[in-house]
Each structure stands twice: as C-alpha cells, then as structure tokens.
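Since chain A is already given, all that's left is putting chain B on it; use the hints.
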Amino acid sequence: MDKMKVHNLNVIYNKNKILKDINLDFEVGNIYGIIGANGSGKSTLLNALTQLINYTGDIKIGDIDIKNMNSKTRARKISYMRQNITPRFNLNVEEYISASRYPYNDKENLISSKSSMIKYMEICELNGFKDKNILNLSGGELQRVNYCKVLSQGADIILIDEGFSNLDIYFQIKFKKYLKDVIRKDNKIIIMVIHDINFALNYFDELIVIKNGMLYDKGSTVKVITSEMIRDVFNVESNIVENYIDFSFEEGE
Amino acid sequence: MTDNKFRVTLYICIIILIISILFALISGHTNIFLLSKEIRKIIIADIRLPRISLAIFVGIALAISGHIAQILLNNQLASSSTLGTSSGAAFGASLSIYLTLKSGIHIPPQILAVFFAVITIVIVLKFSGMKNKVDPSNVILAGIIVSTIFSALITLIKYFADEDVFIILGYLMGSLDKVPMDQVVVFGVIVIAIYVYFYKNRKTLDIMMLGREESILLGLEYDKLFNVYIMIISILVGFVVSLSGIIGFIGLFIPHISRSLVGSGNSRSLVITALLGAIFLLISDTITRAYLPHQIPVGIITTLIGGIFFIYLLISRRDTYG
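Going down the list, the sequences are from chains A and B.
Everything in the first sequence is counted per my numbering, starting at 894 for the first residue and increasing by one.
Everything in the second sequence is counted per my numbering, starting at 7 for the first residue and increasing by one.
Okay, chain A solo, but in the shape it has when bound (with noise of 0.2 Å):
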C-alpha cells in the first residue's frame, strides 16, 4: 500500500475555478478529515480523487497516477461513499452490497467476496435485512447500508462524504469508532468531510481545511482548529476551552 499525492489539482466548471492549486500528500494509516463552509469545494476535491469529474494535475498512488489505471484496479485502490445516495431500482439489501464486490468480479473471488460482506453486514448490524428493498430502508439505514457498501468494496483508499449525518448516535460512534480503531489501522488511508468541528477536534490524525477552492490550512488537529480559523473560514466566532468548541453567533458585518 503506498500512499497518495495529490500535486497542483485545479478543477474549473463553467469557467469558474472550483478547486485551485491543491496540493496535499496522504499517509497510509492516516485518518483524514476535511471542513470547510457550504460550496468550498469539499465534495468537487473527494469527486476529482475518484475521476467522476475533469481535472488539471496530478493525481497519484505510489507513482502511478490514477488517470493511468485501469477502472477495475483503481476500483480496488480507491473507494468512495458519496453523500445523498437515492438508489432507484428495487434490489433488496444483500444485491446492493454485492455490487460493491464488481472489482474483484472473477470466480477465484467468489469466496473472498461472500465472507467480506458477510463480515461487514454483521458489524453493521444489517443481517436481518438481508432481503428488504433498498426502496423503502429509512435515511439512517440507507446509511448503514451505504457504509457496509463502502467497506465491503475492500479499497485501500476510502473516502466518505459526510456519510453519518443520518444515523443515530449508536452507529455514528460505533461506525467512526470502527473507521478509526480497526480499519485504519490495516494500513488504509481515510478521507472524511465533516461538519462537526467538536468532533473533528479529537477524532482526526490530520485536517484539511478548504475555503473558497483553497487550501486554506492543514495539520494536526490542535494547530488547525483556531478561534481565528473558524472566523476566516465560518464567519462564525468561537471560544475553544480544551477540548471544546463554545461557538457563537453575531448577526450582520
């Protein structure tokens, strides 16, 4: 597993520049996390590192960058759980997370596959749903859902766009405390964009913060979060007593 550089990334779209000149390296083992305000271009930066969009610079894992790889095989590399994800068709639970073993889709895999989705069904608690529609699981389960989706596609690289939001507090913690304690730890690299910078503060190993394309600030997570930062970046004033954000709210310039 190598890790992932990302060199002089621009992205444009409609003649306006939505990401300039990121430049950012990701450490195997490392636990990532990216704030910034609505439209900073959080999710275009997770959109470019998966090829879903065009975009200058260049992307690499190892020494190979990604625009070289065949699909397949960067579909093993690199994985992506994407916010809002609104399925159409009605495949039940266990057929939906088994797209996410397609990479891998010859028969020497076969086992392999079934026990890596057995495995994260059960820790995302999903075995009684094994045959429910996808239609009709609720926001939170679709969630659940979604994460084992992402888990069970067994990438090195896995990146996750504010993908807890709709869960309840059992499974956000479960789910990050999973992330954290035992996925990271197999020498994976995790990306995550969050909103909730109380979380932030204690959870990640490194943040990015985005504002206005930019790369605004990174590091460890003490040198990060500022009371400055959150004005610049939020417009929104806070006071940080140890390991807690107070934020307050002022009306008007």
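Calculated directly from the structure, the hints in this document are not laboratory data.
Nothing here was measured: the structure is a model prediction, and the numbers come from that model.
Positions of the beta carbon are idealized from the N, C-alpha and C atoms, including for glycine.
Worth double-checking, as some hints may not be accurate.
[What the hints assert, rightly or not] What the simulated footprint calls covered on chain A by chain B, stretch by stretch (three residues with Cβ under 8 Å from a Cβ of chain B suffice, anywhere in the stretch; the number is not a length):
1. 939 to 949
2. 985 to 997
[Stated by the list, open to error] Listed below are the simulated DSS-like cross-link pairs for lysine-lysine, each with C-alpha atoms no more than 27 Å apart in a straight line:
3. K139(B) to K910(A)
4. K11(B) to K965(A)
5. K1023(A) to K206(B)
6. K132(B) to K910(A)
7. K139(B) to K913(A)
8. K1078(A) to K1111(A)
9. K1007(A) to K206(B)
[As the list claims (entries may be wrong)] Away from chain A, derived, C-beta distances all over 10 Å, residues of chain B:
10. L41
11. D52
12. I129
13. V140
14. K164
15. F166
16. L178
17. N233
18. S266
19. I302
Using the frame of chain A, we list chain B on its own:
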C-alpha cells in the same frame, strides 16, 4: 426467498405463454375445427404461426428495449420512445413507404427505419452529452425534442402522400399484419441474439442500475457501455418499428411489472420482462385479431392499457412519496 418467488413466477409465465400460443392458434374468424385437414394446416402454418411468432418476438423486443432504456436513463418511467428512436424509426419507415409509392421501386422499410433510429440516437447523444459525459436527464429532454421534430416530419410525409396517406397511417398505428415467415425468422434471430447478449451482461446491468457515479466508482466503464447498449436497443427498435409500426407502452410498463414481481436484479427481471412482453402482446394481438370487430390495430389496445397503467403508476407514486 427471492429465488423461490422467481422460480414460481417463471413457471407461471411459461405456462401462460404456452396457453396463449395454443389459444392464439385456434382463435380466428374461421373455426379451424370445421375445416379439412389440408386447409387447417395452411391456415395454422402460413397465416397464424407467422403472426403469433411475430407477436412474441416484437413483445420481447419492445419489453427488453424498454427494460434496458430504464436502466440506462436511471428512470423507471423511460422507454425506447423516451429516447426518440421510435419516432426516428417511424419517420424512416414512412419515408420508405412514401418513396416506394412515388417511385414504384420497392424500398424495404427496415433499412431506413434502422438507419433513422441510429441517426436519432446519435443526435440525442450529441445534444445531451457534455465532453463524453453522459447525463440521463439531458438524454430524456433531447429525446423528447428530437421525437417531436420527427413527428412533424412524419406529418409532412402524410401531407405529401395525399390519397396514399391511409397506407402510412395504417402502418404507423401498429399492427402485426402481413409479415412473411422468412422475415419473422430473421427478426426472431436478431431479437434472441440481443436478448442473450444482455442476459450475459446482466451483472454489468445490475451495477448500471446504481447510476453513473456509483458505476464508475466500482470500476465500470459506464460511458462506453452506455453508448454501446443504447445503440443496440436503438437498432432493435428500428427493426421493430419497420415490421410492426409503433406499438406503444409495452416497453414502459412490462419491465415495471416484472421488477415489482421478482425484484430488479437482472438475472431474474430480464427473463420475466421478456416473457411478459411476449405474453402481453400475443394476448392483445389475438384479441384484436379474432375477437374484436374490424381487426383494430393492436397498437391502439396496448397504448390504451398502457396509458391507463401509466396513470395508475403516477398516482401510486404520488401517494407513496407524498
């Protein structure tokens, strides 16, 4: 659970299809049991069998093309007519009938129908695509626009056709009349080949149901496959329209029923869609051919039933989603 349900549905569909075939063979304005053996043989083998076979193959072709179109457009209310290909093919076929009437040289409608179906889809993809990127909602919009333009052109041909307009009109209404057995056989081979192709790619279709982004994330070359699949169903629709005119709504509601019976997984739904398409068109055609006065074109019946189903679908969707 699902496997059992699928097996039961499959057997019931096969039994219904066999019964419909037998029912169609003995149905007609002449009672075959009163005829001599030789004449009975001629009526069954030369008149009823080609028509029954055509109904089955056209039913399968329409249902499968709708089934695939719905997956590609990520929309269960889409069909091959949403793509504009039916109108394009109908224009091609009308043009060849018109030219044949005017010039006296027989121009087979198949050639122009398939040609214009392909032209239509190329135009639709050109309009809707942005730098090789496929956007289903743009495809639907472009399909409707191009379809409208071709409808206007068909009207233009009708206008020029003068007193011959009835030939084109009757043709466009959608009927399974007067197609010789050799053409039915060729068409049947094409339909079965295309069906087998899609069935072999059922896993890919399963992934494509998750949409473009999810497919790409799972390592599927979505845009390339999208173009290949959409081209195949357009060619298929071209052939269908050239043989039987426009038979509406089968491509829309048969896949829908199939998915609600056995789920969307294509190892099951593709099979049931094909069978239901065959059953539905065969029964509709038998009723119009043998039991309704004046041999009403079957397209009218399918569109009536389909239209009513469509309204029911909209109402039930509205109720489900508030």
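Each hint tested on the structure:
Coverage of a stretch by a chain is defined here by at least three residues with a beta carbon nearer than 8 Å to that chain's beta carbons; for the region 939 to 949 of chain A and chain B the count is 4, and the condition holds. With a cut-off of 8 Å between beta carbons, the region 985 to 997 of chain A has 7 residues touching chain B; three or more are needed, and the interface restraint holds. Of the supplied pair hints, the one linking K139(B) and K910(A) holds, its CA atoms being roughly 19 Å apart against a limit of 27 Å. Taking the CA atoms of K11(B) and K965(A), the gap is near 33 Å; set against the 27 Å cutoff, the hint is violated.
With a C-alpha separation of about 25 Å, the suggested pairing of K1023(A) with K206(B) holds against the 27 Å cut-off. Of the pairs offered as hints, the one joining K132(B) and K910(A) holds, with about 26 Å between alpha carbons and a cut-off of 27 Å not exceeded. Taking the CA atoms of K139(B) and K913(A), the gap is near 23 Å; set against the 27 Å cutoff, the hint holds. Straight-line distance between C-alpha atoms of K1078(A) and K1111(A) comes to about 22 Å, which keeps the hinted pair within the 27 Å bound.
Among the hinted pairs, K1007(A) with K206(B) is consistent with the structure: their alpha-carbon atoms are about 21 Å apart, no more than 27 Å. At roughly 49 Å, the least C-beta separation between L41(B) and chain A is larger than 10 Å, which holds for a residue marked as non-interface. Separation of D52(B) from chain A is adequate, the least Cβ-Cβ distance of about 43 Å exceeding the 10 Å criterion. In this structure I129(B) is separated from chain A by more than 10 Å, as the shortest Cβ-Cβ distance comes to about 24 Å.
Even its closest Cβ contact with chain A, about 12 Å, leaves V140(B) beyond 10 Å, as expected for a residue assigned away from the interface. Once the 10 Å rule is applied to beta carbons, K164(B) is consistent with being away from chain A; the minimum gap is 38 Å. Under the 10 Å C-beta cut-off, the non-interface status given to F166(B) relative to chain A holds; the minimum distance is some 43 Å. Its beta-carbon lying about 32 Å from the closest one in chain A, L178(B) satisfies the requirement of being farther than 10 Å from that chain.
Distance check for N233(B) against chain A: the nearest CB is about 16 Å away, which clears 10 Å, and the non-interface claim stands. For S266(B), the shortest C-beta to C-beta distance to chain A comes to about 7 Å, within the 10 Å cut-off, and the non-interface label is violated. Consistency note on I302(B): stated as away from chain A, and its beta-carbon is indeed over 10 Å from all of that chain's, at 35 Å minimum.
Comparing the model with each earlier hint shows violations of hints 4 and 18; every other hint is respected.
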